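K.L.:
Here's the letter readout for the chains.
Number of protein chains: 4
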Amino acid sequence: MTTPPPAPEHLHHWVVTLSCIDGPGIVHAISGAIVAARGNITESQQFASLDTGRFFMRLQVESQASRDEFEAALAPVTERWQMQWHLDEVGRALRTLVLASTAGHCVNDLLFRQRAGQLPVEIPLVLSNHGTLRDLVDFYGVPFESLAVTDAASKAAFEARVLAAVDEHDIELVVLARYMQILSPELCDALAGRCINIHHSFLPGFKGANPYRQAHARGVKLIGATAHFVTSDLDEGPIIEQNVVRVDHSRSPGELVAIGQDEESRTLSQAVKWFAERRVLLDGARTIIFR
Amino acid sequence: MTTPPPAPEHLHHWVVTLSCIDGPGIVHAISGAIVAARGNITESQQFASLDTGRFFMRLQVESQASRDEFEAALAPVTERWQMQWHLDEVGRALRTLVLASTAGHCVNDLLFRQRAGQLPVEIPLVLSNHGTLRDLVDFYGVPFESLAVTDAASKAAFEARVLAAVDEHDIELVVLARYMQILSPELCDALAGRCINIHHSFLPGFKGANPYRQAHARGVKLIGATAHFVTSDLDEGPIIEQNVVRVDHSRSPGELVAIGQDEESRTLSQAVKWFAERRVLLDGARTIIFR
Amino acid sequence: MTTPPPAPEHLHHWVVTLSCIDGPGIVHAISGAIVAARGNITESQQFASLDTGRFFMRLQVESQASRDEFEAALAPVTERWQMQWHLDEVGRALRTLVLASTAGHCVNDLLFRQRAGQLPVEIPLVLSNHGTLRDLVDFYGVPFESLAVTDAASKAAFEARVLAAVDEHDIELVVLARYMQILSPELCDALAGRCINIHHSFLPGFKGANPYRQAHARGVKLIGATAHFVTSDLDEGPIIEQNVVRVDHSRSPGELVAIGQDEESRTLSQAVKWFAERRVLLDGARTIIFR
Amino acid sequence: MTTPPPAPEHLHHWVVTLSCIDGPGIVHAISGAIVAARGNITESQQFASLDTGRFFMRLQVESQASRDEFEAALAPVTERWQMQWHLDEVGRALRTLVLASTAGHCVNDLLFRQRAGQLPVEIPLVLSNHGTLRDLVDFYGVPFESLAVTDAASKAAFEARVLAAVDEHDIELVVLARYMQILSPELCDALAGRCINIHHSFLPGFKGANPYRQAHARGVKLIGATAHFVTSDLDEGPIIEQNVVRVDHSRSPGELVAIGQDEESRTLSQAVKWFAERRVLLDGARTIIFR
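Chains as they are written, first to last, in my numbering: chain A, 1 to 291; chain B, 1 to 291; chain C, 1 to 291; chain D, 1 to 291.
For the record, the hints were derived by calculation from the structure and aren't laboratory data. None of these values were measured; they are calculated from a predicted model. Hints are not guaranteed to be accurate.
Since the list gives no way to pick one copy over another, a pair counts as held whenever it fits inside one copy or between any two copies.
[What the hints assert, rightly or not] In silico EDC-like pairs for lysine to aspartate or glutamate, Cα to Cα no more than 20 Å straight-line:
no. : residue 1 : residue 2
1   : Lys273    : Asp248
2   : Lys273    : Glu255
3   : Lys273    : Asp262
4   : Lys273    : Glu263
5   : Lys273    : Glu43
Whenever a hint applies, use it, and build me the whole structure from the sequences.
P.N.:
So this is what it looks like as structure tokens:
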């Protein structure tokens, strides 16, 4: 919906996400509050979950209202419905911490896309348990630290450094870009809902070591990757994005690894992009993706 | 949004589509009317066109309200905003007339999917300017008529039969399933907005006879199909759906034809499905597709 | 390569598949034999397996030579290299027995494609442990038998009927089109390399009952299907074809089932088509697919 | 086919491409020559063109033979069949000159992939008719020159610089990475078969200025890109690769441009990769792509 054209210098472009217990009249109440905030809805998506009974919404709104005025206009509705909600500027770069180990494909893809303006994030630090990726990260002009993890004490030190960096840089998202250490339950809890991991995926799944070799031995025709929120239940957090690519019998185990890494890179970058654009909402163990 | 659970036997599942000149407050007004109609919105999509300044919306609503009560609840809003709007039951089979010539692939695909319950249409008649497809159509138990078109008089007779069939069967959609005659401007006008055609498409486009042979000669790597509304401007109506498929140098012109026909079949069926589900709205020369 | 154009009425179109222990000179020997058989290679694919050390080849050859002359020309090569090989006419319909239970989607797809000329098979019988699909199979004019399986004795009777039908109709391929009984190890052995099964597939895999409900609960973004050869190791035979399709949070468990069934249908039909065209060769636990 | 394992330090990995007038016995003769060169065929593709009567082949061969020995072994065959042929080391970086104007997306993608080891080329120079991209190219450490083109004389000077650079750097491929000047017929001829261009593509095609705006106005559902060899017939040279991506009504003309640029980048990089791997052969106005 359009309002009379405002002076461009005062026009904000807001993204609003919210969720609450579902019930009659929510959309009506929200749209009324947007009108009160002199807002023009330019994008709107909603979903009512039959699983949890919750209602979810994402709006992009153009408005001359300041943040204070906008929040004040929404307050009666968000309070009455006891909403979890978030207000942000469209396109604001999300402060993102990247954790890595020795594999560079995901880190490279994230930094390249960030630099090319395809990913609305800023990355104040890449933190690794190895020094391998220093040159790659330097190339993009991003600070890099490495801190070896060899035993329980050094692991605790690494995780303490993660939490310190989160504080120091006011981090909103932690990305495990092939960081090959299992996070402690405490760190998983501290980063709940704002930590994304990537791993390879196969049809069918393969347990145990060297899944690409197993996939080759079974002659799988599709290999892929899954990006998901980190929970203390290893590789079982809410799924954000998945992709697969077709392979055939002529591919060696080494080629399958290379193909799988490409899928990991693009799947992780896609998940980070959606998260940064506030398109990912949590509904219990599931994600709602407002693409 | 949910209302208290109604007795299931009285629960309607409505699909509402509407469009009007865009302006502040439309969503708020509509959602208010849905609340008044004791409705629970289960699916909602909207779009504001910067090209035409119009606002478009599609809603699926569960409600115990009868059609009369529902329409009465919406009337103040639709009148105030001078909306074009439509109310229908979700899943109702659309009365569809199919026109064909000698090629059977699109007709076969439509009849198969209709019979398999994948296409919410009923087809009271297939009308052709040839007798070729009689056995195929008989196989699906659908009435078939043929009427040769050889000159201006027989063409006029065929088109008169089309209009009579539209009347007789209260037809809501006419599908040109590789009907190889050009419709007269009068018939195009009479069927405006409810007649869908299919044709092959290439990158780049090829003019003139035998485009598949030209496509082969140029070694194109993609061939496809476009489903569009029929207008008196041949092959230039609003596009509903397009698909392409990858081909390579090893394909003969004959194989390209077969591959192109598969694309035509699935593209036409997809367009018909979306139209029957009220997912296709017209915005000037463009379509809005609420998938 | 072309030979001088033969009288068309004598021109055969042969498909040759072969495998043997890899070694220098095989392609040279084979191509020499084809020249001796007055053959013109129109399609040729080869693969050397590093896993098993075996060499695989598929050729399509136009030749005026009769089957006897063709076999005689190849014999010195196939004998010297101790090849497993097969000679057939391109496009010959494969005699195929279909086993089913109550779900009709795969059976319907196979029968539809067979009738539409898209699948080079003939189906002399559909055999089921339920009567549910009789009308569907009748519609396509294919004989149908049902034989209840309720205990060990009736299961043995059903499997005996399968083997009798294989004999009686000289069956070359058995397709489990959602046949929901586990085959006995004896039947698996008897049908080794000529029995194809289909099942749903997920990223990640889900164990136990109602995988679609589990997939919904985890919010998976891709669901798919796998067609594979039947071995006595349940759902673990060599994979022939896999497909996935994208889904999102808005899909109910019931919709996921419908989407998964579409994938099962097209994946099974694709696998049957490649098998019938002699494009599927076995390399230990893997398949070579010469698409 | 395998030969006895050679000492690894002497093992070459050759790629052989060839074409000649089709006739019986070619494959037999070639495979015999490979045996004579102590070669082990690891990849092999062939195609007989019914359009031109020519036969095409690409082989990857492991052999301990030196280039001289290898060429000597093939000579009798290539001479007898009057073959056009080429022998190269697998993976050798192709010397590639990039021409650009002001748009950076294709240049960036080529340089990024080259640096990431995904593209077997070396790029001694990026030459532009504008200075816009200097910083981008500097970032990758590649030499950059700009030379304004404003009239016939400066255009001739630019093209002379292109030919001088081709000589100086022994260039094997010239890539027009959104170079927005039309090449003179003389330059097209001088670079025939080794100059690749990229342009956007639509279904249907749009003539005239601002095709993205036209595509938006028609509501196209697919936009794409075509990479092709440059000939003096503008945008009509043999097609190497094409891609499309799905769009919908919600995309502004500006977003369509961004999406189209992504397709241009990946399509051009794919075409360059196949060319550098000697997978692209010319058959009259068509390309054979041995993927």
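K.L.:
Work down the list of hints and note, for each, if the structure agrees.
P.N.:
Hints, verified against the model:
Taking CA atoms no more than 20 Å apart as the test, lysine 273 paired with aspartate 248 passes between copies only; the shortest distance there is 17 Å, against 30 Å inside one copy. Within a single copy, lysine 273 and glutamate 255 get their C-alpha atoms only as close as 27 Å, which misses the 20 Å cut-off; across copies the closest is 16 Å, which meets it. In this assembly of identical chains, lysine 273 and aspartate 262 lie within 20 Å of each other by CA distance both inside one copy and across copies; the values are 17 Å within and 16 Å between. Taking the closest pair of Cα atoms, lysine 273 and glutamate 263 come within 20 Å of each other both inside a single copy (15 Å) and across two copies (19 Å).
In this assembly of identical chains, the alpha carbons of lysine 273 and glutamate 43 lie at most 20 Å apart only when taken from the same copy (17 Å versus 25 Å across copies).
Checked against the numbered hints above, the structure violates none of them.
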